[in-house]
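Student: Sequences are here, hints too, so could you generate the full structure?
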Amino acid sequence: MNPNTSKLRQKQETTEQIASQQTAREFASPEEMLRHDAGQISPPPGLAHRVAESIAKEPRPARSWWQRWFSRRSTNP
Amino acid sequence: MATFVSMAEPAQTGSSSVSEEANRAKADAAATTAPGGPFSIGDRPKWAVPEFGAIYEEHSRPVYYLALRFLGDPAQAEDATHDVFLKAYRKLGEFRGDSAMRTWLYRITINHCKNLLQTWHHRHMVNNADESLWESAPASAENPLRVLEIKELGQRIQKTLDVLPEEYRLLLLLVADQQMSYNEIAALTGQSPDAVRGKLHRARKAFIAQFQKSA
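Residue numbers (this note's numbering), protein chains in the order written: chain A, 1 to 77; chain B, 1001 to 1215.
Just so you know, the hints here were simulated from the structure itself, not pulled from any lab data.
Each hint should be verified, as a subset may be incorrect.
Here are the simulated distance ranges between beta carbons [unchecked claim]:
1. 10(A) <-> 1075(B): 47 to 57 Å
2. 10(A) <-> 1043(B): 46 to 56 Å
3. 46(A) <-> 1195(B): 32 to 42 Å
4. 1049(B) <-> 28(A): 36 to 46 Å
Here are a few chain B residues that sit away from chain A, every Cβ distance over 12 Å (derived from the structure) [to be verified]:
5. 1100
6. 1114
7. 1116
8. 1117
9. 1118
10. 1165
11. 1166
12. 1184
13. 1186
14. 1187
15. 1189
16. 1191
17. 1192
Sample of chain B residues with no beta-carbon within 12 Å of chain A, all distances over it, derived [unchecked claim]:
18. 1103
19. 1111
20. 1183
21. 1193
Backbone N, C-alpha and C define an ideal beta-carbon position, used for all residues, glycine too.
Tutor: Okay, structure coming up:
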């Protein structure tokens, strides 16, 4: 066999091996896999604006009982 | 043959905040070149109630992810996330702080997604899943959760989750969030922590067997 061809094939195999090493990944559990997946996904960029616009049309939410209680305590020690 | 590549998984909050920062930086860069319109992608939204903006910033990512993988459709997940935060805003006065904000938002998300799944289309979808198939799945010598193509991982996960019973899908998604304890998951799903542990064991088995098939 031509030594040049053999060297070329060896080089090609090494390159393929490096490429597969870079993409291969092993997970210990489904949750670890899902955690990795969750890290790759962000909400669509326009969604925050959509939510903010919808909220701007809403009346201000009522304060909860504990917020009212704490504000009363802070004004009347 | 590809060799095993082991990577230590960073804490979720850390990794997500880093990638969030990266996304924000990308979006900011895009906004400088984006043409005018109602808003540019990188612009920060103007929140009528800034405190609620902070709640959105902190929890929108896990809420969207739960909706996405639970419903299996990005457009539906986007609408669901919008509706969840709107409902949360309207009900903010009812939030008593007995549970964490994340748990409260997940409760709204789960109820909302379950309602969506009860539509005619979803009710009439034939579920071919047979639990006995997962129970009898042969154990492979190789790690069944080994993936060669990380690019297609999201599609394979979705294909796998779509076939699992709704309860298993939900438990796996909730337990994947490191902020959620077994007690919180039990409260959210209306069962005891022991029942959650038992079902999770079966859910993991089912996921692994189905994931192998999706290759």
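Student: A separate judgement is required for each hint: does it hold in the structure or not?
Tutor: Verification of the hints:
1. 10(A) <-> 1075(B): 47 to 57 Å: About 49 Å separates the Cβ atoms of residue 10(A) and residue 1075(B), which means 47 to 57 Å holds.
2. 10(A) <-> 1043(B): 46 to 56 Å: This hint holds: roughly 53 Å between Cβ atoms.
3. 46(A) <-> 1195(B): 32 to 42 Å: Holds, at about 40 Å.
4. 1049(B) <-> 28(A): 36 to 46 Å: 41 Å, holds
5. 1100: Nearest chain A Cβ is 15 Å from residue 1100(B), so the label holds.
6. 1114: Holds: least Cβ distance 19 Å, greater than 12 Å.
7. 1116: With a cut-off of 12 Å, residue 1116(B) remains clear of chain A, as the shortest Cβ separation is near 17 Å.
8. 1117: Consistent with the label, residue 1117(B) stays out of reach of chain A, its closest Cβ about 19 Å off (over 12 Å).
9. 1118: Check passes; 24 Å lies beyond 12 Å.
10. 1165: 14 Å, holds
11. 1166: The claim holds: residue 1166(B) sits with its nearest Cβ about 16 Å from chain A, beyond 12 Å.
12. 1184: Holds, because the least Cβ-Cβ distance between residue 1184(B) and chain A comes to about 15 Å, which exceeds 12 Å.
13. 1186: 16 Å, holds
14. 1187: Holds: least Cβ distance 19 Å, greater than 12 Å.
15. 1189: It holds; residue 1189(B) is separated from chain A by about 15 Å at its closest Cβ, greater than 12 Å.
16. 1191: It holds; residue 1191(B) is separated from chain A by about 18 Å at its closest Cβ, greater than 12 Å.
17. 1192: At about 20 Å from chain A, residue 1192(B) clears the 12 Å cut-off, so the statement holds.
18. 1103: 16 Å, holds
19. 1111: 18 Å, holds
20. 1183: 17 Å, holds
21. 1193: With a cut-off of 12 Å, residue 1193(B) remains clear of chain A, as the shortest Cβ separation is near 16 Å.
When held up to the earlier numbered hints, the structure conflicts with none and fits them all.
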